[in-house]
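*Asks:* The task is simple: from the sequences and hints, build the whole structure.
Listed here are the chains, written in short residue letters.
Number of protein chains: 2
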Amino acid sequence: MSQYVSRLRSRPHGQFPGPSRLRLPGVPRRPRRVAMLSVHTSPLHQPGTGDAGGMNVYIVELARKLAALNIEVEIFTRATTGTLPPAVELAPGVLVRHVDAGPYEGLAKEELPAQLCAFTHGVMQAWAGHRPGYYDLVHSHYWLSGHVGWLAAERWGVPLVHAMHTMAKVKNAALAVGDTPEPAARVIGETQIVRAADRLIANTAEESDELVRHYEADPGKVAVVHPGVNLERFRPLAPGGADADDGGVAASRAAARARLGLPQDAVIPLFAGRIQPLKAPDILLRATAALLDEDPSLRSRLVVPVVGGPSGSGLTKPEGLQKLAARLGIADLVQFRPPVGQERLADWYRAASVLVMPSYSESFGLVAIEAQACGTPVVAAAVGGLPVAVRDGISGFLVAGHDPADYARALRRFVADPELSARMGHEAARHAQSFGWDTAAAATGDVYTAAMQERRRHLRSLHG
Amino acid sequence: MSQYVSRLRSRPHGQFPGPSRLRLPGVPRRPRRVAMLSVHTSPLHQPGTGDAGGMNVYIVELARKLAALNIEVEIFTRATTGTLPPAVELAPGVLVRHVDAGPYEGLAKEELPAQLCAFTHGVMQAWAGHRPGYYDLVHSHYWLSGHVGWLAAERWGVPLVHAMHTMAKVKNAALAVGDTPEPAARVIGETQIVRAADRLIANTAEESDELVRHYEADPGKVAVVHPGVNLERFRPLAPGGADADDGGVAASRAAARARLGLPQDAVIPLFAGRIQPLKAPDILLRATAALLDEDPSLRSRLVVPVVGGPSGSGLTKPEGLQKLAARLGIADLVQFRPPVGQERLADWYRAASVLVMPSYSESFGLVAIEAQACGTPVVAAAVGGLPVAVRDGISGFLVAGHDPADYARALRRFVADPELSARMGHEAARHAQSFGWDTAAAATGDVYTAAMQERRRHLRSLHG
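Chains A and B, in that order, give the protein sequences. With the working numbering, you'll find the first sequence wraps up at 466, consecutive numbering, no jumps. With the working numbering, you'll find the second sequence wraps up at 466, consecutive numbering, no jumps.
Read the hints as simulated data drawn from the structure, not as lab findings. There's no promise every hint is true.
Note: identical chains are not told apart, hence a pair may lie in one copy or across any two.
Within a straight-line C-alpha distance of at most 30 Å, the following computed DSS-like cross-link-like pairs (lysine-lysine) qualify [as the list claims (entries may be wrong)]: (1) Lys173 with Lys325; (2) Lys223 with Lys111; (3) Lys223 with Lys325; (4) Lys111 with Lys173; (5) Lys111 with Lys325; (6) Lys111 with Lys171; (7) Lys223 with Lys171; (8) Lys173 with Lys223.
As the structure is a computational prediction, the values presented were derived from the model and not from experiment.
*Replies:* Right, here's the structure in full:
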């Protein structure tokens with residue numbers, strides 16, 4: 003049983019309602035069933051492709067753990083293929099509902115605003131077959147879903163909890179060269195949803211500040227819930243080596259390298275994520291070139307994997323990155339790999355000496371936690387949630403700004419000290435333990451409960 | 003009392019429900035109150051500017067006449083200024099409701115799809131204060147409103163009647179040089195609303211065909227209702243001259259020219275409408291130049307007024323048209339006038355020898371009826387509804403294609419026969435009488451009644 007439930011049970015003046023759904027007066031009620039909205043990206047999609055990224059992982063893991071807390075989750079997403087049934091069980095207590103709204107293929111994210119009424123209509127149809135009060139709460143992800151959630155929550159008379167994941171004003175304030183600014187329509191849409199939501203879930207304190215600063219969010223409505231990582235999947239995988247000083251990290255690394263066919267003695271700085279200007283994989287390439295400029299003998303000891311596909315909205319194409327590698331004279335060192343499944347991704351994390359995240363903006367930076375959970379330190383730009391995700395000097399290094407020379411300097415420490423990667427990786431794996439999805443789901447459940455409680459209070463005050 | 007009501011009263015097996023709202027079984031019920039949706043353009047705006055055109059006039063006149071038939075109308079439109087109250091009475095029985103959805107200014111039509119959920123929310127708020135069944139029917143105009151109507155009709159359990167006004171696929175099939183094709187999002191949105199609506203109102207039989215051909219509309223759902231013109235406003239205005247052979251048209255023309263300071267003996271071909279490639283005002287300029295090429299002596303007898311402003315979506319700027327006039331050597335003949343009010347516009351129609359409409363596409367061509375109602379013949383491209391609006395050889399001339407020489411040939415007949423304009427104008431005014439709003443509103447009311455009847459039948463069949 004999760005810590006969330008036990009915490010509720012131990013409340014001095016409360017009692018957990020239990021499976022009988024008996025409602026005692028004054029006891030905060032958790033939702034039984036949540037309608038989760040993810041219009042533009044399906045939880046069934048492969049992260050690292052197209053528009054599917056950290057948000058997909060977030061929704062899947064959160065839903066699983068909420069279900070484990072007896073909160074059923076139905077995830078509504080736009081149908082992008084005719085081959086899947088209208089409803090698919092993702093896990094016990096987690097249903098994915100495919101909503102018909104526009105053609106399966108060829109609809110870009112920019113064209114989705116025109117489909118929000120159609121999507122809302124599909125959500126209403128799915129709901130119409132149920133008794134009133136079927137959904138206790140709406141939790142929407144990204145502003146497009148937020149607008150659907152606005153209407154759904156109003157119609158069902160339930161609270162709306164919204165998570166932005168990324169924000170146009172934040173993105174636009176830290177735009178990389180070659181990236182297109184987010185349109186005004188999104189800024190307006192986000193502003194409206196901030197006003198309409200009963201609760202906003204921010205990934206980090208910084209995101210919470212941004213909601214207040216950029217979107218005039220009522221600070222009392224914003225709750226910070228650090229997203230979790232799947233700690234069962236992302237962990238060092240050492241054949242009986244967990245007793246070592248480094249928690250088995252070195253053995254885990256060696257095994258992963260063997261599985262991936264990577265050299266055991268190489269320094270391997272890894273980039274993992276969508277290839278787009280915002281994620282700045284080019285900075286890792288330039289930093290590698292800078293390392294080689296100083297010490298050409300490193301050429302035989304460096305492997306630089308770039309794991310990920312192009313993003314729908316990004317301007318940097320993998321070809322462009324390949325050309326850059328050639329221009330920098332490091333084409334032989336850089337390995338471009340298409341997006342991989344979560345299991346395989348964990349192996350790439352384990353195999354790397356260090357994960358490099360030179361991003362211009364990250365609301366949380368889930369991959370930083372995933373890599374650390376696998377026992378891999380992280381060199382990251384000190385933006386967004388990364389200063390929370392990475393313990394500077396302990397589980398990795400934070401770099402101010404985006405000068406490739408600064409990233410080269412951080413990488414040089416791993417070159418100079420072959421043990422550093424395993425030592426820091428051990429700390430990284432420990433640090434990552436506090437970012438599990440049990441914790442995240444329990445905290446999210448608390449936000450739900452608070453939202454429902456406040457709504458009931460509000461209704462009571464209306465009716466005298 | 004309107005002809006519609008008396009027609010209902012004379013039904014052998016029916017009885018008009020009357021103001022007591024008594025419902026007799028088997029009697030088709032008309033709606034008492036209609037929610038009319040016009041998201042992107044307000045009925046209070048000046049036609050001929052920005053996005054306001056024939057559709058604004060259509061909605062205002064239809065609403066007035068529906069109200070006269072005891073069908074109350076509430077028109078929902080997006081608030082584009084903070085200076086107007088949330089609800090404004092446009093006429094007895096006609097309320098305009100301003101819905102907050104996005105900023106008042108700076109929101110282009112292309113950005114409106116992202117505001118449809120917000121708009122729907124505003125409509126629901128206005129409705130929430132009323133008893134259930136407050137609106138009997140939703141009538142949406144243009145696809146953007148259609149998507150809101152889809153949700154509103156579903157929520158209220160009432161029929162949705164939709165009017166396209168213009169269609170992306172039709173526009174794209176007849177694109178003028180320099181005009182931007184309509185986006186896929188609109189095509190998809192239109193296709194959805196065609197499927198969702200209980201009834202589609204087409205302006206012409208051709209529009210009805212297009213709905214079936216391009217959008218696979220169920221022919222049984224499409225009703226053709228010719229839009230009306232305001233025959234009280236648009237009519238020949240002759241000081242006691244209605245007894246003349248030409249119905250007073252010549253006297254009306256002379257008086258209007260005096261009011262506008264135009265020469266009495268000039269041949270005056272008029273362009274009236276938004277200045278955009280689709281409306282092709284440039285063809286009138288080129289035809290004028292062709293006339294002069296043949297007979298330079300006409301220069302002293304020609305005046306070419308262009309009345310209208312630039313369109314938000316059009317690429318042809320008035321400056322471009324002015325440059326074209328200069329290049330053609332007719333800058334001295336062309337008078338550019340900004341959009342004018344309906345009263346003043348009627349004077350421009352009356353003053354003209356002929357209205358010229360070289361449009362590439364017109365779903366109905368309301369101005370052709372307005373000009374004829376004022377006693378002015380029309381030379382028009384044989385596209386869209388214009389072959390219905392103009393009786394070829396009687397109330398004007400239809401031209402196949404867009405060759406300026408063909409338009410010059412038609413204009414030459416008015417030059418050669420100074421009486422032709424008044425003779426044809428007299429026929430034109432008679433022809434226009436069948437396009438009054440009384441008729442249009444009564445026919446629209448019939449569509450409402452049919453939609454409500456079918457929905458009741460459908461509900462009865464569901465409940466045994």
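*Asks:* If a hint holds in the structure, say so; if it doesn't, say that too.
*Replies:* Checked hints:
Proximity of Lys173 and Lys325 under a CA criterion of 30 Å is satisfied intra-copy only: 26 Å inside one chain copy versus 42 Å between copies. When the C-alpha separation of Lys223 and Lys111 is checked against a cutoff of 30 Å, the pair qualifies only within one copy, where the shortest distance is 28 Å, while the shortest distance between copies is 32 Å. Proximity of Lys223 and Lys325 under a CA criterion of 30 Å is satisfied in neither setting, with 47 Å inside one chain copy and 57 Å between copies. Taking the shortest alpha-carbon separations for Lys111 and Lys173, both the intra-copy value of 16 Å and the inter-copy value of 24 Å come in at or below 30 Å.
Proximity of Lys111 and Lys325 under a CA criterion of 30 Å is satisfied intra-copy only: 28 Å inside one chain copy versus 40 Å between copies. In this assembly of identical chains, the alpha carbons of Lys111 and Lys171 lie at most 30 Å apart whether taken from the same copy (18 Å) or from different copies (22 Å). Taking the shortest Cα distances, Lys223 and Lys171 sit within 30 Å of each other inside one copy (19 Å), while across copies they are farther apart (45 Å). For the homomeric pair Lys173 and Lys223, the shortest alpha-carbon distance inside one copy (22 Å) is at most 30 Å, but the shortest distance between copies (47 Å) is not.
Consistency note: the structure conflicts with earlier hint 3 alone.
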